[in-house]
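Line order of the protein sequences matches chains A and B.
According to this note's numbering, the first sequence is numbered sequentially starting from 1.
According to this note's numbering, the second sequence is numbered sequentially starting from 1.
Read the hints as simulated data drawn from the structure, not as lab findings.
No experiment lies behind these values; they were computed from the predicted model shown.
Think of the CB as a built atom: it goes at the ideal place given N, C-alpha and C, for glycine as much as any other residue.
The reader is advised that the hints may include incorrect statements.
Unchecked claim - As a list, the in silico DSS-like pairs of lysine-lysine whose alpha-carbon atoms are at most 25 Å apart: (1) K79/B with K90/B; (2) K96/A with K145/B; (3) K93/A with K145/B; (4) K275/A with K90/B; (5) K96/A with K163/B.
What the hints assert, rightly or not - Far from chain B, by Cβ distances over 12 Å, these chain A residues were calculated: (6) A196; (7) L197; (8) D219; (9) G252; (10) A273.
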Amino acid sequence: MSLPNKPGQADELVQYLLGVLPPEKTERLDEASIVDDDIAARLRRVEDDLVDSYVRGQLSGDTLAQFESHYLSSRHRRERVEFARKFLRAVDKVDKETGPVAADVQPKPGASKLVATLAVAATLSLVAGGALLLQTVRLGRGLREAQSDRVTVDQRARDLEREVNDLRAANTAAAKELARARESAATVVREPATVALVLLPQTRSIGPVPTLTMPAGTDQLGFELRLESNDFPSYQVGLRDPAVNTVIWRSGWIAAKSSAGQSSVRVGVPARALKPQHYSLDLSGRRPAGASEVVGSYAFEIVPQ
Amino acid sequence: MLTQEALREEPAITQLAFTRLLAWLDDGVHSNGERYLEMRRRLVSYFDRRNRPTAEELADETLNRVARTLAQTGAIATKPPARYCYVVAKFVLLEDVRRERRHIPLDETWHVDGARPAARFGPDSGVMLKEQRLDCLDRCLQELKPEQRELIVEYYADERRQKIERRRELATRLGISMNALGIRAFRIRDGLMACVESCRRRGRQI
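Go ahead and model the full structure; you've got the sequences and the hints to work with.
Here you go:
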């Protein structure tokens, strides 16, 4: 198994993970694993490598015995091992199918840094572009039956595209009807169109992320963000794309509504800003003096129809 | 579970206290909640390594206590925030151990039968659950960006060459240190694990 950078440290981390360090060293690493960013990162790497080595059958002797008697004694850690087995199988499958990506690319001595960078980038783009197109499809199916024939993949992609087009056509009428209904509602009530989803304040408990299907032709999605308490005269909602960690849309400053003792902020988000993936709505409150502060965030997921 | 019952008596923290906790953990560098998630991961691992069956609940209890202290006192002087979290976590651990000594734990047991990895989980897992996990991994992998897929394949694939050498080459190509490469790789892997777990949980509720 591979070892992390600092010599002498990796063995100790492995022993720590296997529960064979003396108590005083264990306590020292307990603290470091929480307080020291560097140790925490190295420990995670060592743990992944240890688990991978077990899954690949590369552990032996005392290490294997200790791994099975100590490390696997926890459900949480057994789940890591289980995940690693599937994950590595998928990774190996793709690796075998596509081969190493641009493994031999080296900048030539004497060439300018810019040229070397461009050369690497160009080579990576050319090789990775083709390889990753395959990976996109194949890695996703890495744990299913082998589908190595490119023609079959392409054919399947075409079939799927045709199916999507058929579905889209079938939904057009319904989508237009929905849009018409939403427009007429918007003219009567001067606030965002139909509330499509009610989101509760985010808590630490890990529950399912609310999901929302966006019919074709939808131009706006309504959200009702429930507040724990209405502490601000006005609020602003930001739509955050977690993939790039950027706010991609913001509402104006709006007041919360109260109904039956429950305060909430209602907002309409333009559908063009959304695609099937996870998002969060960041809610900020503004005080009369003008200072604003973060109130909370509300996660949701757009799922394909 | 005993621990869960004991912890359930503690009042939940308010959203405002939670927001203050996030800001305090950020320690002046806005992380959009990342620092909180990282601290929670570290605490869960800490309790898990100490063989506590309810590691996640104990991690949440630790952070709840910190949040309540923040709400009551307005500030915590101990720096960095992670050190204070560790001190609180030690108390939470001790209390949980004491609780366990007073009661007979009813948690599951794990018997090592000497089976090799390939056989280990097969008989224990239902076919449907396994299928669901495969579907979830399938879906989560699809959600990765192409460059993320490339990185994990290169980083984790079985050795055709020496793994350490291959990783060094990959780090050179990306223009980053080995350490930074490792961090990127396990973050993607952690994200996949979280995605699979979340997907699986959603599946159970359907």
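Hint-by-hint comparison with the structure:
With a C-alpha separation of about 17 Å, the suggested pairing of K79/B with K90/B holds against the 25 Å cut-off. Restraint check: the Cα-Cα separation between K96/A and K145/B comes to about 20 Å, which is no more than 25 Å; the hinted pair holds. Annotation: proposed proximity of K93/A to K145/B holds, straight-line Cα distance about 18 Å (limit 25 Å). For the hint linking K275/A to K90/B, the alpha-carbon distance of about 44 Å lies beyond 25 Å, and the restraint is violated.
The straight-line distance between the Cα atoms of K96/A and K163/B is roughly 15 Å, inside the 25 Å bound, and the hint therefore holds. The claim that A196/A lies off the interface holds: its Cβ sits roughly 19 Å from the closest Cβ of chain B, which is beyond the 12 Å cut-off. The Cβ of L197/A sits about 15 Å from the closest Cβ of chain B, beyond the 12 Å cut-off, so the non-interface label holds. Residue-level check passed: D219/A sits 26 Å from the nearest beta carbon of chain B, beyond 12 Å.
Against chain B, the non-interface label of G252/A holds: every CB pair exceeds 12 Å, the least being about 22 Å. The beta carbon of A273/A sits about 19 Å from the closest Cβ of chain B, which is more than 12 Å, so the claim that it is off the interface holds.
Violated hint for the displayed structure: number 4, the only one.
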